[in-house]
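2 protein chains.
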Amino acid sequence: MGIAYFTCSICGSTYSSQEVQYTCPRDGANIDVHCDFETAESKPSMESILLSSEQSIWRFAPLLPVPDPGYARTPLHQVGMTPVYQPETLREQLGLQQLWIKDESRNPSASFKDRASAVVVAHALQTQQEVIIAASTGNAGAAMACMAASVGMRAIILAPRTAPPAKVAQLLVFGAQVILVDGNYDQAFDLSIAASQTFGWYNRNTGYNPFTAEGKKTAAFEIWEQVLRKLDPSAPPLTIYIPVGDGNIISGVYKGFQDLRSLGWIERLPRLIGVQAEGSAAIANAFLANKDTVEPVHAVTIADSINVDLPRDGFRALRAVRETHGTYIKVSDEEILQSIPTLGKVGIFVEPAAAAAFAGLVKALETCQQDPGAPVLVLCTGSGLKDINAAIRSVPAAPVIEPTIQALKKVIYG
Amino acid sequence: MGIAYFTCSICGSTYSSQEVQYTCPRDGANIDVHCDFETAESKPSMESILLSSEQSIWRFAPLLPVPDPGYARTPLHQVGMTPVYQPETLREQLGLQQLWIKDESRNPSASFKDRASAVVVAHALQTQQEVIIAASTGNAGAAMACMAASVGMRAIILAPRTAPPAKVAQLLVFGAQVILVDGNYDQAFDLSIAASQTFGWYNRNTGYNPFTAEGKKTAAFEIWEQVLRKLDPSAPPLTIYIPVGDGNIISGVYKGFQDLRSLGWIERLPRLIGVQAEGSAAIANAFLANKDTVEPVHAVTIADSINVDLPRDGFRALRAVRETHGTYIKVSDEEILQSIPTLGKVGIFVEPAAAAAFAGLVKALETCQQDPGAPVLVLCTGSGLKDINAAIRSVPAAPVIEPTIQALKKVIYG
Numbered sequence: 364m365g366i367a368y369f370t371c372s373i374c375g376s377t378y379s380s381q382e383v384q385y386t387c388p389r390d391g392a393n394i395d396v397h398c399d400f401e402t403a404e405s406k407p408s409m410e411s412i413l414l415s416s417e418q419s420i421w422r423f424a425p426l427l428p429v430p431d432p433g434y435a436r437t438p439l440h441q442v443g444m445t446p447v448y449q450p451e452t453l454r455e456q457l458g459l460q461q462l463w464i465k466d467e468s469r470n471p472s473a474s475f476k477d478r479a480s481a482v483v484v485a486h487a488l489q490t491q492q493e494v495i496i497a498a499s500t501g502n503a504g505a506a507m508a509c510m511a512a513s514v515g516m517r518a519i520i521l522a523p524r525t526a527p528p529a530k531v532a533q534l535l536v537f538g539a540q541v542i543l544v545d546g547n548y549d550q551a552f553d554l555s556i557a558a559s560q561t562f563g564w565y566n567r568n569t570g571y572n573p574f575t576a577e578g579k580k581t582a583a584f585e586i587w588e589q590v591l592r593k594l595d596p597s598a599p600p601l602t603i604y605i606p607v608g609d610g611n612i613i614s615g616v617y618k619g620f621q622d623l624r625s626l627g628w629i630e631r632l633p634r635l636i637g638v639q640a641e642g643s644a645a646i647a648n649a650f651l652a653n654k655d656t657v658e659p660v661h662a663v664t665i666a667d668s669i670n671v672d673l674p675r676d677g678f679r680a681l682r683a684v685r686e687t688h689g690t691y692i693k694v695s696d697e698e699i700l701q702s703i704p705t706l707g708k709v710g711i712f713v714e715p716a717a718a719a720a721f722a723g724l725v726k727a728l729e730t731c732q733q734d735p736g737a738p739v740l741v742l743c744t745g746s747g748l749k750d751i752n753a754a755i756r757s758v759p760a761a762p763v764i765e766p767t768i769q770a771l772k773k774v775i776y777g
Numbered sequence: 364m365g366i367a368y369f370t371c372s373i374c375g376s377t378y379s380s381q382e383v384q385y386t387c388p389r390d391g392a393n394i395d396v397h398c399d400f401e402t403a404e405s406k407p408s409m410e411s412i413l414l415s416s417e418q419s420i421w422r423f424a425p426l427l428p429v430p431d432p433g434y435a436r437t438p439l440h441q442v443g444m445t446p447v448y449q450p451e452t453l454r455e456q457l458g459l460q461q462l463w464i465k466d467e468s469r470n471p472s473a474s475f476k477d478r479a480s481a482v483v484v485a486h487a488l489q490t491q492q493e494v495i496i497a498a499s500t501g502n503a504g505a506a507m508a509c510m511a512a513s514v515g516m517r518a519i520i521l522a523p524r525t526a527p528p529a530k531v532a533q534l535l536v537f538g539a540q541v542i543l544v545d546g547n548y549d550q551a552f553d554l555s556i557a558a559s560q561t562f563g564w565y566n567r568n569t570g571y572n573p574f575t576a577e578g579k580k581t582a583a584f585e586i587w588e589q590v591l592r593k594l595d596p597s598a599p600p601l602t603i604y605i606p607v608g609d610g611n612i613i614s615g616v617y618k619g620f621q622d623l624r625s626l627g628w629i630e631r632l633p634r635l636i637g638v639q640a641e642g643s644a645a646i647a648n649a650f651l652a653n654k655d656t657v658e659p660v661h662a663v664t665i666a667d668s669i670n671v672d673l674p675r676d677g678f679r680a681l682r683a684v685r686e687t688h689g690t691y692i693k694v695s696d697e698e699i700l701q702s703i704p705t706l707g708k709v710g711i712f713v714e715p716a717a718a719a720a721f722a723g724l725v726k727a728l729e730t731c732q733q734d735p736g737a738p739v740l741v742l743c744t745g746s747g748l749k750d751i752n753a754a755i756r757s758v759p760a761a762p763v764i765e766p767t768i769q770a771l772k773k774v775i776y777g
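Line by line, the protein sequences give chains A and B. Here our numbering is used: the first residue of the first sequence is 364, the next is one more, and so on. Here our numbering is used: the first residue of the second sequence is 364, the next is one more, and so on.
Since the hints were made in silico from the structure, they are not lab data. Ideal placement from N, C-alpha and C gives every residue a C-beta, glycine not left out. The reader is advised that the hints may include incorrect statements.
As a list, the in silico EDC-like pairs of lysine to aspartate or glutamate whose alpha-carbon atoms are at most 16 angstroms apart [claimed, not checked]:
no.	chain 1	residue 1	chain 2	residue 2
1	B	K693	B	E729
2	B	K772	A	D553
3	A	K593	A	E410
4	A	K772	B	D553
5	A	K708	A	E410
6	B	K618	B	D395
Incomplete in silico selection of chain B near chain A, CB under 8 angstroms [as the list claims (entries may be wrong)]:
no.	residue
7	G433
8	A473
9	A512
10	M516
11	T525
12	V536
13	I542
14	D545
15	K708
16	S757
17	P766
18	L771
Next comes chain A alone, as it looks inside the complex (with noise of 0.2 angstroms):
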């Protein structure tokens, strides 16, 4: 599939892919990118993409604006295709219809993450890159440290001075090279843009690159194939809940749904609910006072992944949920923190962002903003082993006893 053409997403210009490489030059805002899918040679067979045996993100290559990179036998290409699981028990305690968890944990690294780094590093093969780099402390950096570890390209993360060690390290063992930075993490980000410019390094970054959000629109894909494509028609629509930190994993959903219906394959967009932390919601604050400019907060929230002062994808991320009839949700901390057992209990242990997704479900029917009877999804992004200090947090201590039989039985029957 290659590229037809690209746009702004704030003024509308029309560029070829071979005038612009990240944003638009007038304004700078995120470009987004339109397949080729019209021309009778190009034009994806719904039928082939649902019989191949690819079970990864490749499968929708047809779909994608770049070609699958091979590289089969490696991470990259063991993205994507996570399960969706539907807990009864949960289900019923939230007195839902119907209810499906797509595990993000599943990926390579361990994150969602990993579906915009295998079609960056997938772009970056294509146009011969030697060198990708990112400003990253998280999944993101992780991912694309992995991704590229895949494929032996030299891969380049810029973090603030302050990142915790544990994420530092995991970017080291995927043969990254880290450097910290001493600032905090928008200088970080800006340095990676500058050195991109400056030494022609390709440039990863979330809110900047256009091919994350064509890497993240694979989960859309997944979730027709899995979930919408079987749900009853007349139904009320499919609702998915999102974590949301800068705004780049729901913009790339919603453009995943939209390719699905500019090829027919489906009639209306699910309802996207975008769930951000109380302590970090910029684009919340922006959809709840109906503006179109995301204002920057001071981030602080125990769901790192989408602690976020200025989003940079946030524009996009009011126009899924705004274009999609959805809404964003605030949660706290503590919800958050509460949710890490609730879904624990069915058997998926999830990072705080995941929580944060399931706990704005909670609230939602809490609130009356989300009608029982219809289906719902939500998006869990991460792996709770990717933050084992929350998990330490969000369960009480383990009592201590003697050996004993006595001791034992004491503890269990009282």
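Following the hints, complete the assembly by docking chain B onto the known chain A.
Only chain B this time, still in chain A's reference frame:
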């Protein structure tokens, strides 16, 4: 598939599945489960397995002693069919003809142990158990908690008081009732057995419950499907590197290949190499001294998943290696740590026990114990996210720079 009979792994006594629940009544040794492959009615069909659309261990249900438990949309049905990678650069560096890495971190609780726990929980469902108990601080406990949560079964886990809070938290998040015992692992193990006898709780302990090895044998079935049956039968045998702690993984993998041979689906067994940490080498010591009895050690290694004083399945672990013309290899903690970034550089993030298996391959090549012309597979048993402190120790610290292009240029280009 039903159970034909049980045999004691040491004295060879034969029992019906009604006569014995855990170990041999005569000598307390581990029990081998023999499936009923013989009757025309239950004879498994290779073709129907290979054509199955089921992408989990349950595709091999005809080869298991328990039926597929259902719960299709839960983590219980997402265990296994983990990817095998073929990292080209690593293969070249090692001078091997063929190299596969099987990545068990892609299981629901991010380790190989989900295989055992899935089959044990399926057996618990089949025999209508209400409570399942185990002594574990690590991957086995997490796997049992995750699988029990999948089906809403009550799980009780006994752990030594000294268990790291990060490991305990994962069990608690999965809703297991965790009880810390003021004693060591052996005391927790013994108390769990006494509790099973007193309260009737079903016991999952490794090296005690005969169904853990039946779960672990599914890795052999996958290696057969993914690798073995595609190899040139006239080539040297496939050699498999397996980390060994209590000995139950290598025993289970061996059992799987035995099953395949008794079905006539393979002619010769792969060569199994057990890799132990130098500081926890009870089974390797017995093998290298050509003894049948395994003497306990005071185990100290960074690879905590294979840090075992008294291996509970040592006899069968010796048998697995002897009968496949394999060997045992000991690796130092330093060699284990070095292997973490070596695997990371091809996109695979492993915990120390898994790195040990790879370190064993490196050492085998150095010491001429591995024919470079033979096909080799390394079983990487768990995710690096399980032990982030070891990851931190395995890589040098990242440099810190001022947020300027000049500083970045200097650190990259010197």
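Exercise for the section: Please write out, lowest number first, the hints stated earlier that are contradicted by the structure. Expected result: 5, 7, 10 and 11
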